[in-house]
Structures are given as C-alpha cells and as structure tokens.
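Chemist: One-letter residues, chain by chain:
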Amino acid sequence: MKSTIIFNNVSKSYIKTKGKYGLLTDAIGENMFGFFKQKRRENNVVRALNNISFKLKSGDVLGIIGKNGAGKSTILKLISKITFPDKGSVYADGRIGAFIELGAGLHVELTGRENIYLYGAILGMKKKEIDSKFKEIVDFAEIHRFLDTPIKRFSTGMYSRLGFSVCAFCDTEILLVDEVLAVGDINFQKKCLQKMQSFAKSNKTIVFISHDLNAINKICTRVMLLDHGKIISEGVPSKIIDDYLKKYAVTGLG
Amino acid sequence: MAFTLREIKVRYKQTILGASWAILQPVALTLIFTIVFGVFLKVKSGTIPYPIFAYSALLPWTFFSTSITFGSLSIVNNGNLISRIYFPREAMPIASMGAALFDFLIASIIFILMMFFYHVKISENILLLAVIIPTIVVFTLGISLILSALNVIFRDIKFIVPLGLQVWLYISPVIYSLNQVPDNIRKFYIINPMAVLLQSFRDVTVAGSAPNIKELFLAIVISISTLIVGYIFFKHKEKIFADVI
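Keeping their order, the protein sequence lines are chains A and B.
Each residue of the first sequence is one higher than the last, beginning at 1 in the working numbering.
Each residue of the second sequence is one higher than the last, beginning at 1 in the working numbering.
Hints may be right or wrong, so weigh each one.
As the list claims (entries may be wrong) - Derived CB-CB ranges, DEER-like:
id, chain 1, residue 1, chain 2, residue 2, range
1, B, Val10, A, Asn51, 40 to 46 Å
2, A, Ser155, B, Phe159, 35 to 41 Å
3, A, Ser155, B, Arg155, 29 to 35 Å
Claimed, not checked - List time: in silico PhoX-like cross-link candidates among lysine-lysine, alpha-carbon distance up to 20 Å:
id, chain 1, residue 1, chain 2, residue 2
4, A, Lys2, A, Lys201
5, A, Lys67, A, Lys230
6, B, Lys239, A, Lys81
7, B, Lys237, B, Lys158
8, A, Lys55, A, Lys81
9, A, Lys81, B, Lys9
10, A, Lys87, A, Lys230
11, A, Lys201, A, Lys57
12, A, Lys57, A, Lys81
13, A, Lys87, B, Lys158
14, A, Lys2, A, Lys57
15, A, Lys191, A, Lys133
16, B, Lys235, A, Lys81
17, B, Lys237, A, Lys87
18, A, Lys152, B, Lys13
19, B, Lys9, A, Lys152
20, A, Lys191, A, Lys201
21, A, Lys230, A, Lys201
22, A, Lys127, B, Lys9
Think of the hints as simulated: they come from the structure by calculation, not from any bench.
As the structure is a prediction and not an experimental result, all values here were calculated from the model.
Just so you know, even glycine gets a beta-carbon here, dropped at the ideal spot from N, CA and C.
Could you put the whole structure together from the sequences, leaning on the hints where they help?
Modeler: Right, dumping it as structure tokens:
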C-alpha cells in the first residue's frame, strides 16, 4: 500500500535566543561578528528532532509518546508544513486536518457558528461542505445552545470540543491530534476516541500524541517512543508503553 | 476570503460606531486638512473646492495606509494561527487589504455624495479608475507582503510603519497637487507610484481631466514589480515564520 507520510532522516533545531525578540540589532550584530557566528550558533541551538525516519500508510494510527520537549509536537508541525526540516525530507500525501493546540484557529470575538465556518475554511473546506456537515459538527461538539455566543464566553471544554469537532468532520486523509483529551470530560473523551477509531477504519492516517497511555493503547496500531528528538523504540503499543513506563518510572520517582 | 470576512467582522466588534469608522477616518482628515491647508494656508486646489480636492486623494490614501498598517502586523498578530495551522500565509496580509477595500467602498459613498454636492462634471476619463484602483491594490499588496514578512523577523517594523506612512503622506500629492511640484523635483517625485496614482485618481474623478499617461504607465510598471518582488520575498521568508514568531 502507498505511504501517506514519509520522514527521511529528518532533523530540526530551534535557535534558543535569536529571533525571540527579533531585533534589527541582532541581525546587524550577527553579520558584523560573523567570525564568531558559528560558535554562537552551536551553543544556541536546541535539537528538537535528530535524524528521524519513519513511514506511515493509510489505516495506520501512530501514537507518539515521550516526555515534554521530546519533539512530539514538532513532528506534527513538520507533517502539516507549519515548519520545515533543517535536514532530511518530509512527505505527506493528502489533505491534513491538524488539531495541534486547543482552540488554535478559533477567533474569540466571533460566535460558535462563525467560527465553524472560519475554521473549516482555514482547514480547506468549501462553504458547501461545511453547510452539509454543520449539523454533525454542532451535535458532536454539543454546543447547540451557544451557537450565537462569542466563543470568548465559552468554557475551556467547549472551546476544545468545538475545535476538535470541526477537525474531525473535515474529511481529511490525514488527522493529526495533539493532546485533545486533556480538557474534555470523560464523555467527550470517549466520543473522540470512537471518532478516531472510525477514522482509522475508513483508511485514513492518524498521528496521535497523548500522555494518556490507556487511550494510546486502545486506538493506536503503532507507537513510537521519543526522547530528546530521537526514536528510542517503536512497535506494538503494549510493548512500547511498557518500555516507556520502565524507562521513566525510576527517574520519575527519584 | 474567509479571513477577509473574519477581519471585517472582528475589526469593529465592541466598537460603538462600528463600520462608520470606515467613513470617519477619511472624513475627519478631510475636515482638518480643509481648515489647516485650505483655509489657513490657502493651498491652491485650482477650480476644485478644497474639501473634495483633499477627499479625492484621502480616499485612496486611507485604503493604502490602513492596508499597510494592519497588513504589516497581520502575520505577527496571528502568530498563534501561524504556528499551529497550515494555510497559505499570504492569506493574512491579503485579508487585511480585503478589509481595507471594504472600508474604501463604504467611504466611496461619501465621495459620490460630495461629487453631487459640488456639481462635479463627470467625464469619460473616470473609466480609467478601472486601471488606477487595481494598480493601487497591486502596489499596496506588494508593500504589505514585504512588511508583514519583515515584521516577523524584525519587530522594529511595527514602529517604522506609522512613521514611514506619515512621511509618505507628505511626499504624495494629498494636501497639494502634483502640479505644484517643481519640474526638476518631479522627475524623482514620480518614482513613488502612490504620488502618480493619487494624482491620477483625483484627475479622473473631480478634475475630470486625463491623467499623465506616461507617469501612470511608470506607476503601473513599478507597482507590478513591487508585487512580484514582494511575493517572492514573502514566499522565501514564510518557511521560518512559525519558528521565529
């Protein structure tokens, strides 16, 4: 079967200080002291991903686990072309629905209804498509009563439900989900997992990041354990989750 | 398109006067300019009454300056979108311009009313607006793309833009007429496409005369080049947006 996502020796670093303030003087300084540039760069870099390679095909549900800062979200950002690798190549085939962070893409001043259309459009849906999915989205998010309320009055849970629902009904070939379960209530978490499972069954590709190991175990077909930007192990969920628990159980307690 | 709608909707949320701000901005400036430059300093506006003389240039100028002001900030202000969702990045400055275009259309109503009020005779030259307005849009977008990308890297742009626009207003024929610019300076003066475009806008609407075609042609060429350079620059820089924001 054809691969939908391919990572080929991908490395990605972030610069720690420069750019954060974006000062003109920084750029001038850097050019004037170009001599020291190399060294300064070396010290000033965080390696988010280090030589990562993997392939996914449709129907795969990849779970990524690892400590904070292991590079999990960077992988999603690379897939969705938000950011680009320093070395290696990233290939992703098909429309991508990414639910990377709570409420990204929603505008607080707009109402629930307006946001569904806006977010849908950002994700590449046509107005007609959204029209036809509108009811499902609202049903799934359970926000009927608040459709015409500006979402700045929404609770955190409602926010995230709205965001996830639009993504989930967007009918993309690839779905990227980052920690969506953290904010919803149990009922909604269940619905999300079911939705993702049915997604996978319809031959789509899912990459799922979570600290909820039970959820990972339940829906993923493969799991990848990341540490400091490197793949430590990869394989069937139960085994990798065991690895993860073993690796961090000791340091966690210490 | 969705972003443009979003900009328009969000812009005037929780303001009391709402979309009438679109009209108030150029009207207020026209009033001040009329008093200061028309009455106090007696700037020559030829046979054209000063208020409509000023407004005919302030109308396109406000479009330009609003687009640039909001456009240059658009990428940084939407940083949370840029770093989390993929979409064509140029949608952001284009949306700012779209919203400014909407303001321009609203403010045009006042312009049309003023034309009736001052009994302006409309000549067939007005059809040239079909060339002049798109050229202004093209030039504005080019500048907007460059500044919005630069602002991601150097936040200094945020401070340079308001200052730059103020200077730009004075080196464009808004308060005065292009014909008052001495010939030896005019050669350099018309390198600024806005100078030619604003004057042409005034010529074909309130003066009812033909614009200087040679100068207008130069402005069109510079505007298109600006857009091409701006687009290439923007596309080149957009890869680092999410990392730097």
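Chemist: Given the hinted pair lysine 237/B and lysine 158/B, is their Cα-Cα distance within 20 Å?
Modeler: With Cα atoms ~18 Å apart, lysine 237/B and lysine 158/B stay inside 20 Å; holds.
Chemist: If you draw a straight line from the CA of lysine 239/B to the CA of lysine 81/A, is it 20 Å or shorter?
Modeler: Status holds; Cα separation ~9 Å.
Chemist: Is the Cα-Cα distance between lysine 127/A and lysine 9/B 20 Å or less?
Modeler: Since the Cα atoms of lysine 127/A and lysine 9/B sit roughly 17 Å apart, the hinted pair holds (cutoff 20 Å).
Chemist: Holds or violated: are the alpha carbons of lysine 2/A and lysine 57/A at most 20 Å from each other?
Modeler: Holds, because 6 Å separates the two Cα atoms, which is no more than 20 Å.
Chemist: Are the Cα positions of lysine 67/A and lysine 230/A separated by 20 Å at most?
Modeler: holds, 12 Å
Chemist: Taking only the CA atoms, is the gap from lysine 87/A to lysine 158/B under or equal to 20 Å?
Modeler: violated, 33 Å
Chemist: Check whether the Cα positions of lysine 9/B and lysine 152/A lie no farther apart than 20 Å.
Modeler: Holds. Lysine 9/B to lysine 152/A sits at ~15 Å (cutoff 20 Å).
Chemist: Falls inside 29 to 35 Å, the C-beta gap from serine 155/A to arginine 155/B?
Modeler: holds, 34 Å
Chemist: Starting from lysine 152/A, check that the Cα of lysine 13/B is at most 20 Å away, please.
Modeler: The given pair, whose Cα atoms are some 13 Å apart, holds under the 20 Å limit.
Chemist: Given the hinted pair lysine 201/A and lysine 57/A, is their Cα-Cα distance within 20 Å?
Modeler: With Cα atoms ~13 Å apart, lysine 201/A and lysine 57/A stay inside 20 Å; holds.
Chemist: Please work out if lysine 57/A and lysine 81/A have their alpha carbons no farther apart than 20 Å.
Modeler: holds, 18 Å
Chemist: Verify the proposed pairing of lysine 235/B with lysine 81/A, using a straight-line Cα cut of 20 Å.
Modeler: holds, 13 Å
Checked against the numbered hints given earlier, the structure breaks hints 9, 13, 21 and satisfies all the rest.
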